[in-house]
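Engineer: Got chain C; can you put chains L, B, S, D and F on it based on the hints?
Protein chains in written order, with my numbering: chain C, 5 to 322; chain L, 5 to 322; chain B, 5 to 322; chain S, 5 to 322; chain D, 5 to 322; chain F, 5 to 322.
Honestly, the hints are just simulated from the structure, not real lab data.
Treat the hints loosely; a few may be bogus.
Copies of the same chain are indistinguishable here, so a pair counts whether it falls within one copy or spans any two.
[Stated by the list, open to error] Listed below are the simulated DSS-like cross-link pairs for lysine-lysine, each with C-alpha atoms no more than 30 Å apart in a straight line:
hint, residue 1, residue 2
1, LYS171, LYS34
2, LYS171, LYS242
3, LYS89, LYS171
4, LYS34, LYS242
5, LYS89, LYS34
6, LYS146, LYS242
There are 6 protein chains.
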Amino acid sequence: MSNPFFQPPSGTDLPRYAGVPSFMRLPYLKPDDPRRADVDIGFFGMPWDGATSNRPGARHGPRGLRDASTMIREMNRATGQTPFKTANCADLGDVAMSPVDQDEALAAAEGFVSAMLAQNIRPFMAGGDHLCTLTVLRALRKLRGEPFGMVLLDSHTDLYPPYFGGKTLTHGNPFRQAITEGCLDPARCVMAGMRGTSYNNEDFQFGYDHGVRIMAIEECMELGWRTVMAIAREVVGKGPAYVSFDIDFLDPAYAPGTGTPEVGGPNSFEAIQCVRALRGLDIIGADLVEVSPPFDPSGNTEWLGASIMFELLCAMQP
Amino acid sequence: MSNPFFQPPSGTDLPRYAGVPSFMRLPYLKPDDPRRADVDIGFFGMPWDGATSNRPGARHGPRGLRDASTMIREMNRATGQTPFKTANCADLGDVAMSPVDQDEALAAAEGFVSAMLAQNIRPFMAGGDHLCTLTVLRALRKLRGEPFGMVLLDSHTDLYPPYFGGKTLTHGNPFRQAITEGCLDPARCVMAGMRGTSYNNEDFQFGYDHGVRIMAIEECMELGWRTVMAIAREVVGKGPAYVSFDIDFLDPAYAPGTGTPEVGGPNSFEAIQCVRALRGLDIIGADLVEVSPPFDPSGNTEWLGASIMFELLCAMQP
Amino acid sequence: MSNPFFQPPSGTDLPRYAGVPSFMRLPYLKPDDPRRADVDIGFFGMPWDGATSNRPGARHGPRGLRDASTMIREMNRATGQTPFKTANCADLGDVAMSPVDQDEALAAAEGFVSAMLAQNIRPFMAGGDHLCTLTVLRALRKLRGEPFGMVLLDSHTDLYPPYFGGKTLTHGNPFRQAITEGCLDPARCVMAGMRGTSYNNEDFQFGYDHGVRIMAIEECMELGWRTVMAIAREVVGKGPAYVSFDIDFLDPAYAPGTGTPEVGGPNSFEAIQCVRALRGLDIIGADLVEVSPPFDPSGNTEWLGASIMFELLCAMQP
Amino acid sequence: MSNPFFQPPSGTDLPRYAGVPSFMRLPYLKPDDPRRADVDIGFFGMPWDGATSNRPGARHGPRGLRDASTMIREMNRATGQTPFKTANCADLGDVAMSPVDQDEALAAAEGFVSAMLAQNIRPFMAGGDHLCTLTVLRALRKLRGEPFGMVLLDSHTDLYPPYFGGKTLTHGNPFRQAITEGCLDPARCVMAGMRGTSYNNEDFQFGYDHGVRIMAIEECMELGWRTVMAIAREVVGKGPAYVSFDIDFLDPAYAPGTGTPEVGGPNSFEAIQCVRALRGLDIIGADLVEVSPPFDPSGNTEWLGASIMFELLCAMQP
Amino acid sequence: MSNPFFQPPSGTDLPRYAGVPSFMRLPYLKPDDPRRADVDIGFFGMPWDGATSNRPGARHGPRGLRDASTMIREMNRATGQTPFKTANCADLGDVAMSPVDQDEALAAAEGFVSAMLAQNIRPFMAGGDHLCTLTVLRALRKLRGEPFGMVLLDSHTDLYPPYFGGKTLTHGNPFRQAITEGCLDPARCVMAGMRGTSYNNEDFQFGYDHGVRIMAIEECMELGWRTVMAIAREVVGKGPAYVSFDIDFLDPAYAPGTGTPEVGGPNSFEAIQCVRALRGLDIIGADLVEVSPPFDPSGNTEWLGASIMFELLCAMQP
Amino acid sequence: MSNPFFQPPSGTDLPRYAGVPSFMRLPYLKPDDPRRADVDIGFFGMPWDGATSNRPGARHGPRGLRDASTMIREMNRATGQTPFKTANCADLGDVAMSPVDQDEALAAAEGFVSAMLAQNIRPFMAGGDHLCTLTVLRALRKLRGEPFGMVLLDSHTDLYPPYFGGKTLTHGNPFRQAITEGCLDPARCVMAGMRGTSYNNEDFQFGYDHGVRIMAIEECMELGWRTVMAIAREVVGKGPAYVSFDIDFLDPAYAPGTGTPEVGGPNSFEAIQCVRALRGLDIIGADLVEVSPPFDPSGNTEWLGASIMFELLCAMQP
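Bound conformation, chain C alone (with noise of 0.2 Å):
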């Protein structure tokens, strides 16, 4: 049972619209805080869109999600877990990145996770473009001394070769980066949901030449999602494992505020279910990135992102 101070006011107490809005109305603890000694999980923002190729507005993500995360209550129902309790999780904040400066932006939010991981605590960052969870690769890369594996739920590979006259960091690029850098090891990783229109097959090809499993949603749909995720814990394993959410996994209809939204996707229900599919993976870190609040006129993508947040956290815990 987790302590205490970690549990967040019930919505029966204080209204959910209420208060200082912190992620899932955690407690939220400053870098030099003690508490951080006890905390098991780390939800954590890093407002950057420095990346993004095309609608900017991920940099707003963090606090749109904290703010939608406030609706989430204690318990998942459908899986009977209630995951303040069985872990001490806190909100610590957002990482300070220059919106003007790639390079400081990238080291300042490496460092930020492996301050974290040096205090024992496993990373969750809400996003910001999908180039921030580079940094966070690359600080678990560090820490553990091999690669893991990964599993992406995303639109988009990601894996594509450089962009706008050789440009390698853009949030089009990082899992092909995190492989060549040694951090992903591509044999365990898997995406599904791939789709929309394509530059070329580069990237497809990059990640079959490394042995990627990359299901387009064409084979998704055809197999079904239970099929989908059954795969995807067979190529992931055992072994230790980070899962990244990009919320353009879904379809616009479900997510419109996101800067590169592709039609045809999957539902929210689907969603929640692969999720839900990935509990009992050795989880060592995970993400939702991608939700740009100016695109999202009705909230939506806010709300459903901080509900997929609070499902990966479930998947995250026993």
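Structural biologist: Relative to the frame of chain C, chains L, B, S, D and F by itself:
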């Protein structure tokens, strides 16, 4: 064949966006109008959200539903029904419910319904938050002298124990209250679509303890909606039953404009099939609640709500 | 291999949100541009909603579709096609259609298409309301000298009898008119996705009487979309056929920005599969109509419409 | 003192967001209602935008204005007037105007007004685009047998020569037409607020040639609105006069929801003062036009339009 | 010089959109935090709209104001003040106010303020609807033992007699109640900006009868805001005074996101000048109320509200 | 009289919402188009927001401004100018600026402008964020060999010292950089409209130290805008000068769609008068920057920005 007085004007005569927007363009009859004597089914609004624990705005629901409902045409082609011809329908206006005094509001609402019942008019209510339904149930109970069944399509059971330090009358409690008060016969009650995070399991437990048939979304998706509705019909049986449709039954991609959306719900085709499956039951009253126009920038929720009301109206007829 | 002049710039060279937004970033060629002689497929707009019986705004459709279409990339990975390389495509601009004089507007539209056809350019029209399609059908009929088939994906048949006191030219009548005028061969016409309330059954009856194959949404969902499209291919056969895609074919959760939305429709994955299934037919022209940007706060409808246009473009090629 | 039947319910009895939304919550009287005999001032809508040269949507204006107008209370504190007590006011509904046939629409509109005039009801019209006004002017002219004066508050003169290849009936021409037809006495016409870019100067020149007093925004701002209105009263004199208020008179910051906004206009305080300054003129009819709800995401334009209508109603009374 | 602990991070260190959004990025201190002993001015929210007679949503005001307030920088250049350096400011969180029980909510609010006062913290409240203010006034009255003055900037007097059949506690009544209860010294109360339609004149009459100085908008515009504020300062005098700012003081073009907007109000420059003119008064507490984010699609109202709060904070300091 | 080729089509021939949206409907000329030799004033976009410290989205500015600018007509009635007839104007497209590499982006932008200048085309840039302006200033400086004057209408001086740990190139620094680099002659620079909270006073101090004439909003309002602009003309004198217009000069009620809005600004009438007052200066280039469409739900900001661009175009001509 119903009275010509009760036929709404066709959209090919008066464009659908024209005219004073009563429900489905039906005649609006004030309480003292003698033509109420001929009414079979009475549409009316409860513009009230004083029991809302989360985002407000359902007080604007009746207005929004009236507006959207003027886009409805005369015929349900899927079922072949022309419901304005087989029953005299009218718009009986809105209940004057105090936004600042819950007791007065609930009393006024119950009185309004009782007056309709006294005129032998079947109530068809547009909410308003879900506590509004309790007032209809109470009025029906008084009239009939015994409890009746209910079909609830919703993402929540609304069977929760008291909120906010003991408050038994919120939009999370109406059916607990209705069962406790003896309005509903729990053994003839069925609830489908339940999902989302939960404070705890007390609502389900209350339902189970009283014999309510609760089908969480996972069960619904597993069984398929046809089976779900076959079970529902079996549970309810041939006796009198009320139908309550909370717009948050639908996934927020379909119905963002509501106070407490829960992701992972059914789509609109499925929702319509569920309603159509109710035809043939002995429906003694119905409602559609929790449409909150301020959270509906595209207007989709109002239009979907009005479309569901039309299907409900058809289901209430032979 | 198509002419390099007709290749749109890549989003990795010029960001997708940059530049003057022509359709798919293709070259814009005025009527007197000599390079039109090399064009195989001509995109153009009919910015007109003068036959709209409900909510207007489709006059802004071509502008909105152009804007969103710049997010399209070069390759259709699902089919392996690179349609800008296998046909010379261009943006031929918009027809100058009077918003205040229906006769003039329709004449101008037909003349514009006839000029394209005289240059041997296959027409690919972005509406505008659905009456715009009639002008394309008329021009094609004049050129070809005989009726042809049609696939209509829509929530309405648009086979209604006159509206508003005898008006035969509204967006509810184009195909009744086209059949009556001999543009379409009804025995080779198929319509799928029909749903929503109806004034009466005269439109279906007209279709049945003339041999049009109409598949209401219930039939489509029952059969599954693959079967639906197999039937469609059989009905249309090997002869020349036109494809008309009304954006309200999709459920309003996917496409809220339209004039006459009908709930209970297909999702975007299904819609895409339907379009892909058309490949191999002898498509002599196509359109996507009824996108109304003023009712599209999230921009989803424009983006979905542009994505469907890309799939239609692929389906028009071997 | 007016008839109690014509008193709208107070917002402290029935909340302002409740009830079927007629104009100002007044009784809605159908054409054959005998109580029309007692009506002094008749509100009605012309839900039509078939003469709009730019962004459409004014067909939704009457609906939007009715909705917002229910927030109006009984008393104009600035003037001390209680206009529903000093005149019998009612909502006479909307004209059934064909959206697809301009001639029919204009004929229906003129007929509707003529019927009101025959019952001695002063017309108070909610548009609809500005061509709607012409139908009111024509009906008044027929009744009265001679031209009358007019005050126009607008950003455009609407005195333009034919548009779109000779079309004389667009929303840019009504007053040129009305002067040409002899409805208006140009020497007793005043127009204030004109601004924005122009096709040419022919509209002003037409006005000058016929003796219309046109005050461009620069002159208005230089003189101050009190002086502007003093001039307006002098020009119009003691004879009968019509008042037409185009919502685009206001700066788009105040009224974004309109078809042809022009920046650099007056604010709402100034607009209200202008309307109040009309009191005491012999106002034979009035309108407020060009509110287009699809372009009004905040609802400000509808609310401002309804507020201006209330001030106009007060100005029409002693 | 204030405590470094109380300095918010600069936007050039941590971007303004980053981090957990407390008011003005100040430290958030729970009720039992010992550092509250050092606080001079305490920001807090009353997320409650249970007394709203019209459009709800002010319960979301504190959240929205916190979010926008993170865009505020350290210095008021116009006045030269750096208010976070001259007073220790903190965010004390939100009161847990029941959305379904008015009595409980008001009691909780008053208790929260009393606790602050007991710690010698000046209250600075973000609403919530205007009835929230009454709880602050009551707590201050209890503490001080005698009535005090008030400056109200608002479009309504909120001096209305009971609403909805005798309800004395709505957002239209707080100051009538506060005067009746002896919280306020009416002779030292001034109200400016009043406008809009009115149920009757009883509110003004109550004010006049008790000696409140009420300045309707026409008087304000005639005198000019400098004179208005000079009068206000004179009326209030040197004694202790409360300042209440209702966001609907501003014209809806500036502040659409509020429950009861009234057109014809001041602009934002004028509003700021009014607040600055309060500097030097003995301000014992202040609030900004009636921001309703669901009616604020552009976010302008939240940002304006936060900016006004900053000016109020400066006015509360020497 | 300018070349007929350069006349935009009239809105009475091709409706204003029709056609491919180039700036002001002018011909779009690619870099290698020989007709560029005849161009006097070249519109172009810098779709880039990589230096934005707050809310992003200005990368979408050129697209949004082009779209809205098609509503502009040919004549400026207030000044009598027909600017497309007195200068050959064209749309030269957008600069291909990398969203992920600031150095490359700025170099590309400067190169694009230098190429225009080499063809003797006066640059008229649509931003993008305010750092874009620096690239124009640099190109002009290289061409001319000496510093020049500037008029800045803005709510910020953009003279701030480095941000984010020493970054000198953000949208808060361009003019400090331009003065330091010798592009601008500070003694001939004037800045008006400054307001809002501030990190500190270093920007003003830098300006004062270098002789820039800075007029904060309080001074502007006190003097009146005519006097402000008279001073501006005097400071700038007869020598060459650049004009930069940041849309956040206007109050957010007029221009919500921008990254760093500041309340308390001028209205649109005042802004237009300011621009008109620039006529007669020796304007060697101009821009309008910081329009961010994702924050502009009503589209008002785009329309206002396009309208201001038209006035700037007129001010650049005799």
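Engineer: Does each hint fit the structure? Answer for all of them.
Structural biologist: Quick rundown of the hints versus the structure:
1. LYS171 / LYS34: For LYS171 and LYS34, the Cα distance is within 30 Å only across copies (26 Å; inside one copy 34 Å).
2. LYS171 / LYS242: Answer is neither: 35 Å inside a copy and 45 Å across each miss the 30 Å cutoff.
3. LYS89 / LYS171: Intra 44 Å, inter 26 Å, cutoff 30 Å: inter-copy only.
4. LYS34 / LYS242: Result: close neither inside a copy nor across copies, 34 Å intra and 43 Å inter.
5. LYS89 / LYS34: Cα proximity of LYS89 and LYS34: in one copy and across copies (22 Å, 22 Å).
6. LYS146 / LYS242: within (20 Å within a copy, 62 Å between copies)
Against the hints set out earlier in the document, violations occur for numbers 2, 4.
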